[in-house]
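Take 1 as the starting number for the sequence shown in the working numbering and just add one per residue.
Derived by calculation from the structure, the hints in this document are not laboratory data.
Source: prediction; values computed, not measured.
Hints may contain errors.
Just the calculated beta-carbon pair ranges, DEER-fashion [as the list claims (entries may be wrong)]:
no.: 1; residue 1: Ile11; residue 2: Ala59; range: 37 to 47 Å
no.: 2; residue 1: Val27; residue 2: Met1; range: 20 to 30 Å
no.: 3; residue 1: Val20; residue 2: Met78; range: 17 to 27 Å
no.: 4; residue 1: Val63; residue 2: Pro21; range: 15 to 25 Å
no.: 5; residue 1: Gly3; residue 2: Asn62; range: 20 to 30 Å
We treat Cβ as the ideally placed atom computed from N, Cα and C, and that holds for glycine.
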Amino acid sequence: MTGLRVANILIWGVLLIYAVPGAWGAVSGNGTRRGDPMRLACVATAFVMIGFCARWLLAPENVMLWQALYVLSGATGMYIIRVAWAYGRGPRV
Numbered sequence: 001m002t003g004l005r006v007a008n009i010l011i012w013g014v015l016l017i018y019a020v021p022g023a024w025g026a027v028s029g030n031g032t033r034r035g036d037p038m039r040l041a042c043v044a045t046a047f048v049m050i051g052f053c054a055r056w057l058l059a060p061e062n063v064m065l066w067q068a069l070y071v072l073s074g075a076t077g078m079y080i081i082r083v084a085w086a087y088g089r090g091p092r093v
């Protein structure tokens, strides 16, 4: 199981490296046309996944970290719903 968690961290880390430049463009003030808000959602999801896997490896008894990851997971879910809703409206956005 530890090997699967490490592999999961590596896979999500690769996604994180790919998505960070687009996410940075979405939040850096250059406007969302230069960056991709969905990549920002991917970055947040990658942080949540890496956090859950790393928590099991590094701090299995830390309840505060567990609660923080659930809050981050909920916030990420709300952001993804917002972005998906905006994308679903098509050119009217």
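Numbers of the earlier hints that this structure fails to satisfy, in rising order = Checked against the structure, the hints that fail are numbers 1, 2 and 4, while the rest are satisfied.
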